[in-house]
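Full structure from sequences and hints, please.
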Amino acid sequence: MPLFGTLELPSAVASLPTLRNLDTEPWTLPKAEIVQMAFEVPRATHALLPKALHPAIPSYVTIWVTRYPESPIGPFLLAQLRLMARAGAHPRGFVLRAYASTREAATGLRERWGLPTETATVTLKRRHDRVMAQVIRDGATILDAALVDPQPISGGDVQYIHSVTLAQAPLDGKTAPWLVQVDPRFTFHKAERGRPDVSRLDGEAWGAPGLALQNPIACTACTCDTDLPRIRFVMDPEVPVVRGTRKIRDSREAE
Amino acid sequence: MKFGLFYEISVPRPWTRETERTVYMNALEQVKLADDLGFDQVWAVEHHFLEEYSHCPAPELFLTACAMVTKKIRVGHGIIVCVPEFNHPIKIAERTATLDILSGGRLEVGTGRSATWTELGGFRSDPDITKKSWDEFVRCLPKMWTQDTYSYQGEFWSMPERCIIPKVYQKPHPPMWVAVTSPGTELDAADRGLGSLGLTFGQFAEQEKRIAEYRRRIQLCDPVGDFVNDQVSTVNFLYCEEDDEKARATGRRMADAFNYLASQLISAREAYPSRSYPSLGLLPQLRRQATGPDSSEQAGEGLALGGPERIIRALKKWEAVGVDRVNFLLNTMEIIPQGDVLASLRLFAREVMPAFRDAKTVNGGAA
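Line by line, the protein sequences give chains A and B. Each residue of the first sequence is one higher than the last, beginning at 1 in my numbering. Each residue of the second sequence is one higher than the last, beginning at 1 in my numbering.
From the structure, some residues in chain A lie toward chain B, with a derived Cβ separation under 10 Å: (1) L3; (2) R86; (3) A89; (4) S154; (5) I161; (6) A218; (7) T220.
Going by beta-carbon spacing under 8 Å, a handful of chain A positions derived as facing chain B: (8) A38; (9) I57; (10) D157; (11) Q159; (12) R193.
Worth flagging that the hints you see were computed from the coordinates, not collected in a lab. Yeah, the Cβ is synthetic: ideal placement off N, Cα and C, and Gly gets one too.
Following this line, the structure appears as structure tokens:
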């Protein structure tokens, strides 16, 4: 069998977001601008991954910085660090930490989808030769990154991997840690690819103390219509997902 | 229809020097038996860093060992990665010619370009250019095998005039193939007069369409070699036992394990968006078959898992859609005990193979 994550769940429980319920209403998020950077990272990151998930081989992370110009709670920016993995046979990005530019967004994302989100200053700026992303928390820069030399590609060439969050969720009459699948749809309007350049990533602030970005893989900047849908699946974080998955609803639209 | 074996060399954890050796020795024993039983070919992949899924980075060594313990079975590279960081073209020409000599002219040469970030990233190869480098390599190889001297100036490699030795044993040269996973690659094969080495499982209807298009297209090809190889090969699982239900259950476990391991790979497209990899190849299909709604009886369409009668029916359908060769994966992670794998091969040879012998063979060459 493939390797599994080795996260000791008790050490993570205290800081987990808590979902209000599993009946989250979807958010429609048109014209989102997403910058994704992928880097290989050391195998020591297996310790950050719940035991239900398989690490990617090689281990790699994606940094996502997104501007949502329209949402049910107004415009906001969101930055995430995801450790890429497999839930059974399916590629997934396990969200280690996220920062939103507004308190409403941070609260909504924590309580509705279990994203481990705090508030920070998140910026995404475009120049002719680069797209720059920055996250500043309490006056300290915790992410300073850029997509360098963007070149047009087809949106059809971009594959965004769905996310998994770890959160306290009410199910069967009690609240307990669950992995929550977050599986947006994407309709691409524009896509570019470039070289990722990260000059600063504070691993501690992103839930990955000592994280060292290694081999850069690729970086994309896309404009697309997307969403945050209703929750369809949750998974026991301590059991392989082929045995520990619970279906909440059949389809994204179903009750 | 011809039958062969197909090896990924899947090694389960925990890895010890004995587990690695056992898997290789089991494979060699299977190949030796297959040769005795009348199987036509054995193929070995070239994969790197694909933990548990495939521990076969040096197929030329395994295939040489196969050739040394057998008499008739052909040995095939399935495939050689034609990307500069993986293999230098001169070394490919030299290695393959040597293997052709050692095997007494039993070599088949499959070509391809790798489809995982795990491998491409490991060699620091640029996914954008792998199709181009493959195209360049396959056009050079036949000339390097056959010309007295050779020189070349290309986009991805070059060499001054030299005599590349040894020359291949087969005349004019070994048959050439290309690995076909993504839709459309069969057309690349056809345009170059290369055999279609299919690496996807099941699904008659789609395969029939692709084979028909390949057959149509190859008639107008511009062959890269000295002859056109217009054969279509596909890969399948094999587990054959008299008890059909038991055989299907055992075989299904093997197939599920293979699909699950395959789905762990990081496809090039997953990590590195590129027009060079417009599709995810066979991974989505394998993922569905591993855990999705397709992991049902219907997903077993065309698989050679079960009793002899069931397997004959499945292979007859493959024959009807135009497949010339079927290569079988016999095990994954050593899930099936070696004795059962050997028994499965023997039963297949005794009960299934005769249903596919042509009149000439059945009549002992009198027809």
